[in-house]
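Participant: Residue strings, one per chain:
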Amino acid sequence: MNTLTSMPSGILDASLQQSETKRFAAYDWFTQLRQQGWKNFEALPLPKRDDEKWRFSDTRSLSLADFAVAATPSDADTAKLIAQSHFIARPAGLIIHIDGHCVLRPAIAPELAAQGVKFESLEDALRHHPALLKEFLLKHEANLGGAKFLALHQAWLRAGYVLHVPKGVEITQPFVSVNWTLTEGAAIFPHALVVAGDHAKVSIHEFNLSALPDQRALAISAADLHAGTGAQISRFAVQAWGKNTQSFEIANTCGGRDALITSVNAALGSRRARLENTVRIEGPGADVRLYGISVANGEQEFDQRTLQIHSAGKAKSDLLFKNVLLNKARTIFSGLIKVAPDAQQTDAYQTNRNLLLSPEAEADSLPGLEIEANDVKCSHGATTGQVNPEELFYLLARGIPLAVAQELLAEGFLEEVLSKVDNEEAAAVVREMFRQKFHTA
Amino acid sequence: MPDSLVIKNLNASIGDRAILKDFSLTVPKGEVHAIMGPNGTGKSTLAKVLAGHPDYTVQSGEAFIDGEQIIGQEPDAIARAGLFLAFQYPSEIPGVTIANFIRAALVARQAKGTPFDAKAYYAELYAKMDALKMDRKFTARFVNEGFSGGEKKRCEILQLMMLKPKYAVLDETDSGLDIDALRIVSEGVNRLRGPDMGFLVITHYQRLLEYIVPDRVHIMYDGRIVHSGDKDLALELEAKGYDWVKKDLASA
Ligand SMILES: Nc1ncnc2c1ncn2[C@@H]1O[C@H](COP(=O)(O)OP(=O)(O)OP(=O)(O)O)[C@@H](O)[C@H]1O
Ligand SMILES: [Mg+2]
Chain C
0 MNTLTSMPSG ILDASLQQSE TKRFAAYDWF TQLRQQGWKN FEALPLPKRD
50 DEKWRFSDTR SLSLADFAVA ATPSDADTAK LIAQSHFIAR PAGLIIHIDG
100 HCVLRPAIAP ELAAQGVKFE SLEDALRHHP ALLKEFLLKH EANLGGAKFL
150 ALHQAWLRAG YVLHVPKGVE ITQPFVSVNW TLTEGAAIFP HALVVAGDHA
200 KVSIHEFNLS ALPDQRALAI SAADLHAGTG AQISRFAVQA WGKNTQSFEI
250 ANTCGGRDAL ITSVNAALGS RRARLENTVR IEGPGADVRL YGISVANGEQ
300 EFDQRTLQIH SAGKAKSDLL FKNVLLNKAR TIFSGLIKVA PDAQQTDAYQ
350 TNRNLLLSPE AEADSLPGLE IEANDVKCSH GATTGQVNPE ELFYLLARGI
400 PLAVAQELLA EGFLEEVLSK VDNEEAAAVV REMFRQKFHT A
Chain G
0 MPDSLVIKNL NASIGDRAIL KDFSLTVPKG EVHAIMGPNG TGKSTLAKVL
50 AGHPDYTVQS GEAFIDGEQI IGQEPDAIAR AGLFLAFQYP SEIPGVTIAN
100 FIRAALVARQ AKGTPFDAKA YYAELYAKMD ALKMDRKFTA RFVNEGFSGG
150 EKKRCEILQL MMLKPKYAVL DETDSGLDID ALRIVSEGVN RLRGPDMGFL
200 VITHYQRLLE YIVPDRVHIM YDGRIVHSGD KDLALELEAK GYDWVKKDLA
250 SA
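As you go down the protein sequences, you meet chains C and G in turn. First residue of the first sequence: 0, per numbering that gives the first Met the number 0; consecutive thereafter. First residue of the second sequence: 0, per numbering that gives the first Met the number 0; consecutive thereafter.
Please keep in mind that the hints were generated in silico from the structure rather than gathered at the bench. From the three backbone atoms N, C-alpha and C, an ideal C-beta is built for every residue, glycine too. Take the hints with a grain of salt, since some may be wrong.
[Unchecked claim] Label-pair restraints from in silico Cβ distances:
#1 G:A122 / C:H127: 51 to 59 Å
#2 G:T25 / C:D213: 56 to 64 Å
#3 C:Q435 / G:G148: 34 to 42 Å
#4 C:D50 / G:T113: 52 to 60 Å
All chains should be modelled from the sequences, with the hints used to inform the complete structure.
Facilitator: Here it is, written out as structure tokens:
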């Protein structure tokens with residue numbers, strides 16, 4: 000199945016990292032990439048409490064100790080989890096990883112293959128399309144605070160998928176990538192690389208889950224999205240790891256001239272989850288929409304850091320992050336819009352809305368603007384509050400009990416973002432996941 | 000009176016402002032009573048106090064539906080006990096579809112653990128929507144969001160028809176309705192009329208009472224009922240306006 004299986008190994012052990020890297024000896028550039036990752040990781044400190052880019056997050060509980068790369072899963076586990084991975088009926092392609100091992104390689108329709116569409120595991124793509132990887136893989140630094148985590152991702156890079164839709168090819172049906180963690184203490188480093196050529200159109204859905212709800216795990220994911228001239232990328236990423244997972248995702252979203260990118264992040268799982276997303280508007284006329292929704296309960300911490308960089312003018316970026324908080328949960332939203340001096344006629348918006356369903360929950364919001372051009376429309380706003388009392392009374396007056404009424408209002412609050420998902424089947428799956436989460440709160 | 004909506008000497012205020020002043024009224028089950036009265040007399044306040052709205056303070060008085068005290072109960076408990084309020088200004092509920100909303104209200108009335116019969120639910124919902132000449136597509140729309148004034152009122156009556164309360168308070172359900180809608184909504188109400196339901200219809204217009212012919216008409220002024228009569232009272236009011244009520248009171 001996998002050509003490169005690993006024995007259990009501690010992710011902080013240099014010799015283990017090196018011995019795994021040796022298996023890629025045939026790909027010199029990739030070996031160097033991993034080695035560089037390790038060097039960077041060793042050189043960088045863990046974030047500290049006074050680090051501005053980690054403001055409000057619980058840096059004290061950050062720990063990378065006692066996690067290991069897990070061995071290939073058993074056939075029985077593999078079969079069981081594959082059976083649970085069919086979130087939409089007819090994806091354009093489906094790839095499944097368990098503990099960072101690709102257990103289902105995608106089969107795509109011959110007519111897509113004939114048009115040059117590629118959807119492969121990262122390891123397969125390394126063999127088949129090195130030039131594509133060299134051009135697009137990990138081309139940007141993590142500039143939102145997660146550099147050390149991205150370095151570790153790079154050092155252990157092996158899992159993930161590559162999706163390339165060449166110039167002019169339009170595919171409406173989503174591709175799907177499913178990542179599972181299975182082993183206690185497993186560390187995974189999945190990568191998502193999506194390249195849409197000029198005027199191509201592609202949709203990708205990612206589901207990230209744990210086989211066992213209580214299992215301890217570490218997931219450090221990274222995503223590179225590149226939309227060429229007039230290209231359209233739609234991405235729906237669902238973070239539903241188990242409740243003892245620490246997860247980090249560092250995403251780079253690059254939009255060329257007239258590109259249209261829609262990205263929806265849904266967060267449900269993890270003990271702590273950090274999302275860093277940098278949007279780079281590189282061509283005029285680009286339109287990038289970044290949406291996030293979450294329901295945080297218990298003592299979960301969802302930490303969201305975004306940066307919208309407008310390097311080209313006459314382009315648009317829109318951001319909306321909505322969080323629902325229960326119990327003692329905490330969310331942090333920190334967003335910055337940067338407009339370069341010559342990026343005139345930029346439209347850039349950023350909104351964070353937090354719904355507090357518990358007096359012990361805490362939502363922090365740090366919106367920001369850095370505008371160097373003079374002819375722009377930019378705004379940012381943040382609100383944190385409870386449910387609207389008149390809306391609540393309306394539901395109560397129909398006999399709906401308080402807890403159910405609050406849940407309905409919270410689901411309604413999330414709907415504004417869920418309705419942006421390009422596939423109703425996937426939206427329904429996640430809507431149900433949120434509903435389940437309310438019921439287990 | 001067990002089979003009635005009984006309101007006894009109700010005093011209620013908002014902030015430090017008294018609005019209901021020793022308000023008393025009895026609506027026997029099976030009857031339709033209308034309340035008319037000038038703007039700001041406290042008609043909507045009465046409706047919301049009965050429904051348990053938290054903004055109002057009840058100083059004293061009681062209200063019973065079929066013998067069950069509702070003053071002091073939580074709004075959802077009052078609704079489940081059998082009181083329905085069709086709001087003068089229904090709230091918009093973003094992101095919650097009409098289908099899910101009414102479903103949740105019905106589920107709340109079922110015994111715990113009873114499975115919900117979704118098929119029967121939709122059949123009934125569609126039938127009632129057809130009767131109200133509402134497009135079935137409305138089930139997927141968010142409650143009242145972007146609805147026209149008349150659509151909101153129809154949606155209130157749809158909920159009334161689905162929830163089948165013991166008593167319904169309709170607060171200016173006729174305002175904002177065009178002539179056809181007024182007839183359709185009135186027909187809906189008339190179809191619900193019967194020995195098992197009582198109505199309190201708040202309105203400014205005699206026209207509604209031509210469609211929904213009341214058993215009794217009450218005039219409310221300054222927080223209480225000052226005059227009661229049969230359906231002809233509404234006609235008299237239409238002809239004379241409220242000045243004579245006020246003069247009556249001044250001379251009394
Ligand atoms: N939330 C509030 N805050 C302050 N005053 C209020 C509030 N709600 C009602 N009132 C006041 O209470 C009085 C009674 O209002 P209410 O809405 O009950 O009148 P109404 O009889 O329904 O009038 P209308 O015919 O215009 O609907 C009014 O003077 C109104 O301004
Ligand atoms: Mg009123």
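Participant: Looking back at the numbered hints, which does the structure fail to meet, lowest number first?
Facilitator: none
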